[in-house]
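Novice: Here are the chains, one letter per residue:
There are 2 protein chains.
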Amino acid sequence: MEKATIIFQPSGQRGKISKGKNVLDAARELGENIESLCGGKGSCGKCKVLIAEGHFPKYGVTSHKKNLSRWRKIEADFINATQKKEGLRLACCAGIKDDALVFVPEESRASKQIVSKLPRLLPVDYDPVVKKYDLIMEPPSAGDARGDLERILSALNVQYSLKDLGCDIDNLYSCDIDVLRHLPIRLREQNWHVTVSVWMDREIIRVLPGSVTDTYGIAMDIGTTTVVASLVHLNSARILDTQYIMNPQVKYGEDVISRINYHLQNKEGLRQMSMDMGEALNSMIKALLRSTWPEDNNWTETTEASDYPDPQKQREKTDGEFLCLVPEDIEDAIIVCNTIMHHILLQLDPRHVALSPFPPVVQKSLNIKARDFGINICPSAYAHILPNEAGFVGADNVAVLTAEAPYKSDQIQLIIDIGTNGELVLGNRERLLSTSCATGPAFEGAEITYGMRAAPGAIERITVDPETHEVIYKVVGDDAWSNYVKAGELKTCGICGSGIMDILAEFYRTGIINKSGAFKKKQKSSRYRVNSENRLKEFVIAWADETTIGRDISITQKDIRHIQLAKAAIYAGCKLLMREWGTDRVDVIKIAGGFGLHIDPVKTLIMGMIPDCDPEKIVSVGNAAGTGALITLLNREKRAESDWVARMVEYVDLASLEGFKDEFLEALHIPHQKDSFPHLKPIVSPKILFQE
Amino acid sequence: MEKATIIFQPSGQRGKISKGKNVLDAARELGENIESLCGGKGSCGKCKVLIAEGHFPKYGVTSHKKNLSRWRKIEADFINATQKKEGLRLACCAGIKDDALVFVPEESRASKQIVSKLPRLLPVDYDPVVKKYDLIMEPPSAGDARGDLERILSALNVQYSLKDLGCDIDNLYSCDIDVLRHLPIRLREQNWHVTVSVWMDREIIRVLPGSVTDTYGIAMDIGTTTVVASLVHLNSARILDTQYIMNPQVKYGEDVISRINYHLQNKEGLRQMSMDMGEALNSMIKALLRSTWPEDNNWTETTEASDYPDPQKQREKTDGEFLCLVPEDIEDAIIVCNTIMHHILLQLDPRHVALSPFPPVVQKSLNIKARDFGINICPSAYAHILPNEAGFVGADNVAVLTAEAPYKSDQIQLIIDIGTNGELVLGNRERLLSTSCATGPAFEGAEITYGMRAAPGAIERITVDPETHEVIYKVVGDDAWSNYVKAGELKTCGICGSGIMDILAEFYRTGIINKSGAFKKKQKSSRYRVNSENRLKEFVIAWADETTIGRDISITQKDIRHIQLAKAAIYAGCKLLMREWGTDRVDVIKIAGGFGLHIDPVKTLIMGMIPDCDPEKIVSVGNAAGTGALITLLNREKRAESDWVARMVEYVDLASLEGFKDEFLEALHIPHQKDSFPHLKPIVSPKILFQE
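Residue numbers (the working numbering), protein chains in the order written: chain A, 11 to 702; chain B, 11 to 702.
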């Protein structure tokens, strides 16, 4: 299929898109976030974009209005004649015919409201751990019959001054044994012209015939509930694909403590949980690689390297449209996770991490040969596992720190990372404190009557109309809000963590609950009901006919109490950490969400989950742990930085602090006046209802 | 069983021996070489020893004649009354009742004549690669909740100034993942008192509870035909046990070229040969470990670590008499082998080593995790594989060089190592040349009519009476010579390499063959016969009734030709190497034999296998490759030295030299006059015949 180059501004995201797709499709493919409430139906008018006119030598494209499909009638409902003349289009209506430079206006950008599931890609210097060296050598001769490896080592020295490799006995790395096994053939395939991949300037982990420049890596973020893995083209820092799965260990227990118990009660429990994770990682890697192949390939379901079709043949067949990557092409890997997931993955006994004073088996970062824990990437490659801080605060928090770098700031930053646990970091370049607070799994959907994981059909955002108390929502797997589609079309089946995060703030803001979290006695909406028999109070979010479960999906008084407990744990943690640090204010609050948990900063303020702060200074930084993983995947210095910060940060054990209980009880209430945030408006006007 | 301390002088060999055994048994157990022609029957009188009287504080023993069993009548046949008074005994008759200091007179020492199969243990400083550190640490507390590994690293730094371990990101080794898996339990088993094994000052490969001082290693010498492995107590440099097996790859071809061909003709051939070797090494390791356990244990035939009985229980049960070692106790390994065996073991394509200019895949030494090539020792340990020199001259020759160190000598040394190939080194501290000569496998028993490997029943020494042309011989697995036992008792079945080495010299010395290697027309012995029909000329070594094969074991004219070809290859190689080096004489000749190949230096001179040299300056150094393996197992500096010498030595390709063919043809003849060595006497007088 023919492709066109599409460049988005001001983000700079760019790529080749098959002609015939529309600009909204292109945005999704390239990771550009364009608002779209109706899911691309042309009915919400949110996805306005400006098509640039002219030749742009900097980008090497010529962009014209006529490079896009003809104007559609429905666009006129949202774009007037003047705007049309300027080049404004609805992204969902503008089909791609040729190259285009597309400007996304502020109001069309979704990134502020709905954080992309993809970790943000921060600007980071390209300084990979695995570097490639192009070598042309003389073949062996009677006067020079050195070993194949010796020839390469000498060429690396002469051509690139890479001297430290394999010159004396103490230089133990020099070349992986698996590379030696391919060496004679690969050296001779293109007459002693090869590309050598060197890890950390000290070990050859791959030799390929001829000139090769592209290097690929994976970043893996292993959460208690969700696992995410991204395939990254290291040279361009581009994410080629991201895969999400539920942590397969969930079957051994929802939280980390029950998994430790499973290990304690089953002789092979640790091994079993680790093997399950290994399998899951390999299936994700397989899916990531598969995304680089044309769809019609005969793939077997195993993950054996030998089961991959011949990539060279396929690349030729598709004229280079597909990368056709195989496991060996992944030459670097980063793993971030909490301390318990870290220990289970590596089969390290995690029992002591759960007992005061919570010592982990190891804190420092580790470089482990891919083959030593059985992940199917280049067998000579290393996986780098970021260091643990202490106790429950693990490598994932180190990744958050590395992404946000509060240690480079004069301002006092409070970073809140919400996953199955809440992790807090407070401080600046002078001092950093970290802690973990037991939020319980409410924010991940557990303990909530209709709570569920962030799977398709889960309600992930909720907005309540302050006047009518009508509710609109959005579900995972569909771009449209419920007021843009027919009842039942969204196949709703529960509420996931991000939806739950909205409830307390929206209910309080619109007067459904009072400061103590109790439903008000007088309710104007028929969505509120009380079962007089068991005194069950509930508020319906989605009616039975909108769901696939045949029941109303509601929030009960008990659910609200669980959410209050979770938010109070974080609030109390923040307050105590501030007291320990010696400050009564913070300059910046950064809220990071786990996988699929998109947090609205202001709602966290309304519900009293975070200390008082100028709402302008509260930032949602999305999956910062994922971002940290990517940064350390791309930049060698950042790994050293993450090692340093893991040692620099001081861990505070909240339970050991005086006043924890009092702070916690006080934090259960909702602190603000109903009208504290008059400038806040719901992101979607509920008045725009479903349009036939 | 009760034990006594036995010390042999002047060698200093010492150890605990179960009471009831005799002094000859003790010598065998402790590796002391005492002559014994009759195999301990008391009929040859060769094993005379002197029992010291008095207390020897230096050794901590009190030695008395009465600490040995009573005088036996048969001893009087060889020891007169005066000698008896001095304390002289026959070792085979003197039973051990208590401690004794035993002096072995020059004439009773066997080492000069019959080289022990055990590699000689040269004096080498104890500087092991794996060092043990005893650490006592404070347990974690609220104020110090560091990781378990961090606690160890800090203790290593504070208590032993071992600073380089795991302090920054570039220090990638620090601790093996498998060690981390046992860390929490082992640290807490004896309340934070552990012993840490550190490899090369940089990686923790084992942590054991409490104080542990003993470290064990294995030295493995992989020959084309035979594999030998020794279990060594590194602290005392003592060999605990040695195992020999036939190289299982023999089924794919007798010589290296046919194994390369097997690889070229079979897709999985290389892997298969490597796996076979891995299995063989593991079965040897299992046998070595088994030798440290009491015999009545319930051993399964698998080599899984979990199948070993509980060593602690067993040690207690046997009062510490047995070491009861398990695979994890072997913390270091050395491998030496020729280039092709090296490549096959590591699954490196060996095809180019066989094609001019013969480049190997790798020359430098390698440190490979035991688990990466599947040998069942401590899984975190490394096997160190000595470097290859060039082409066919591999790590085994480097081991020979490291053992003999000609590079430290002013004298010009010629070192000849005879295995399936002959390898030559010539030079001194200024310059070293090496080469390999195609002797063919005659010296290993192949191509010889009744040739066989050095297995029990193989004739390994031959002596011919110059007057009667009667032959006496000795077989592998029995200490007695054939004239001391009844016909058939030795269960002779063929002639192995060391027997074959004797033939040319003995036949020529006693006038059975002439200078050109042809049987003389006139023969005085009925052992010589000619089959007039097929013109087969042969000389019988063992009559049919002495064998298990029911046929006369003889040497044919054709066999003699094969031996001539082999010895001529070595002679021509020596001459050409001397020409290349620029010398017409050598100061010292050292003859090293492969496994089970005990070479009589003077016989090699008689047959014209080596250049002219003062017989006093010809030394048989036994299995020097094995000695080199042991030296590098015990001493870290020696590994660096072996890396250095492998690069320093210059490889000479004989085939490319002018005059090779002429030298070779000339060398086929036997150069010396029959009476060149008048002082030579057969080692056993054939007049002492079988005694009833």
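These are computed hints drawn from the structure, not numbers from a lab. We put the CB at the ideal spot given by N, CA and C, even for glycine. Where hints are given, some of them may not hold.
As the list claims (entries may be wrong) - Just a sample of chain B residues kept apart from chain A, beta carbon distances all over 12 Å, derived:
id	residue
1	Thr-15
2	Gly-50
3	Arg-161
4	Gly-220
5	Glu-331
6	Gln-373
7	Pro-476
8	Lys-568
As the list claims (entries may be wrong) - Computed footprint of chain A on chain B, listed as stretches where at least three residues anywhere in the stretch have a Cβ under 8 Å from a Cβ of chain A:
id	stretch
9	190-199
10	347-361
11	538-551
12	660-672
Novice: If any of the earlier hints don't hold here, list their numbers in rising order.
Specialist: Violated hints: 3, 6 and 11; rest satisfied.
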